[in-house]
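> Build the full structure now, drawing on both the sequences and the hints.
Here my numbering is used: position 30 in the sequence shown is 30, and no number is missing along the way.
Because the hints were derived from the structure by calculation, they are not lab data.
Heads up, the beta-carbon is just placed ideally off N, CA and C, and yes, glycines get one too.
Among the clues, some could well be false.
Label pairs and their computed distance ranges (CB to CB) [unchecked claim]: (1) F114 x K22: 46 to 56 Å; (2) A116 x K93: 28 to 38 Å; (3) G80 x I2: 27 to 37 Å; (4) S29 x L123: 44 to 54 Å.
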Amino acid sequence: MIRLISEVRSVRAEMNVPAGAKIACVIVSAAKETRRRAAQWEDEIMRLARLAGITFEDKVPKASAQIVLGEATVALPLEGVIDFAAEKARLNKELDKIAKDTAAIEGRLSNPGFVAKAPEDVLAEARGRKTELEARKLKMKEALKRLG
Numbered sequence: 001m002i003r004l005i006s007e008v009r010s011v012r013a014e015m016n017v018p019a020g021a022k023i024a025c026v027i028v029s030a031a032k033e034t035r036r037r038a039a040q041w042e043d044e045i046m047r048l049a050r051l052a053g054i055t056f057e058d059k060v061p062k063a064s065a066q067i068v069l070g071e072a073t074v075a076l077p078l079e080g081v082i083d084f085a086a087e088k089a090r091l092n093k094e095l096d097k098i099a100k101d102t103a104a105i106e107g108r109l110s111n112p113g114f115v116a117k118a119p120e121d122v123l124a125e126a127r128g129r130k131t132e133l134e135a136r137k138l139k140m141k142e143a144l145k146r147l148g
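Below, the structure is given as C-alpha cells:
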C-alpha cells in the first residue's frame, strides 16, 4: 500500500495535477488479497494520495495514467483534471532540453583536452549531471507513455 501511495503521488507530480485536486483511483485486475488490503486501508490511501475514491474495474478507463503494481494496474482518470495536449507539449519540450543538455555534457566528456585538463571534481560533477539527466529523461518518457 505504501508503494501505491508513492506511485500515485509521483504520477500526480509528473502530470502536474493540481495539489488540491482529488482524483479517482481505479484498480484493474486485482487479486482477492489486493482488493482486501485496499479496502482495509482505503481511508489512509485516499488521504495520503489525495484521492476522491477507490473502485475496482475490469478495464482501464480512457484518458488515464496507468501504474503497474504487481498483478494489478492502477488507473488514475485525468480527463478534465489536466490538459492532455498541453501536458504532452510540456513533456516533449522538457525532453528536448534534456537531450540538448546531455549532448553538451557528452561533448565535453568526449573531448580529450577537457578530460586531461579538468580537475577530477569537475569531471565527477559532469558525469553526475549526465546521470541525473538520463534518469529525468526516463521519467519524462514514462510520463508521456502514461498520457498515451
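> Determine for every hint whether it applies to the structure shown.
Tested hints:
1. F114 x K22: 46 to 56 Å: Since F114 and K22 have Cβ atoms about 51 Å apart, the given range 46 to 56 Å holds.
2. A116 x K93: 28 to 38 Å: Holds - the Cβ-Cβ distance for A116 and K93, about 36 Å, lies within 28 to 38 Å.
3. G80 x I2: 27 to 37 Å: Given range 27 to 37 Å: holds, Cβ gap about 29 Å.
4. S29 x L123: 44 to 54 Å: Holds, since S29 and L123 (Cβ atoms, about 47 Å apart) stay within the stated range.
Comparing the model with each numbered hint stated earlier shows that all of them hold.
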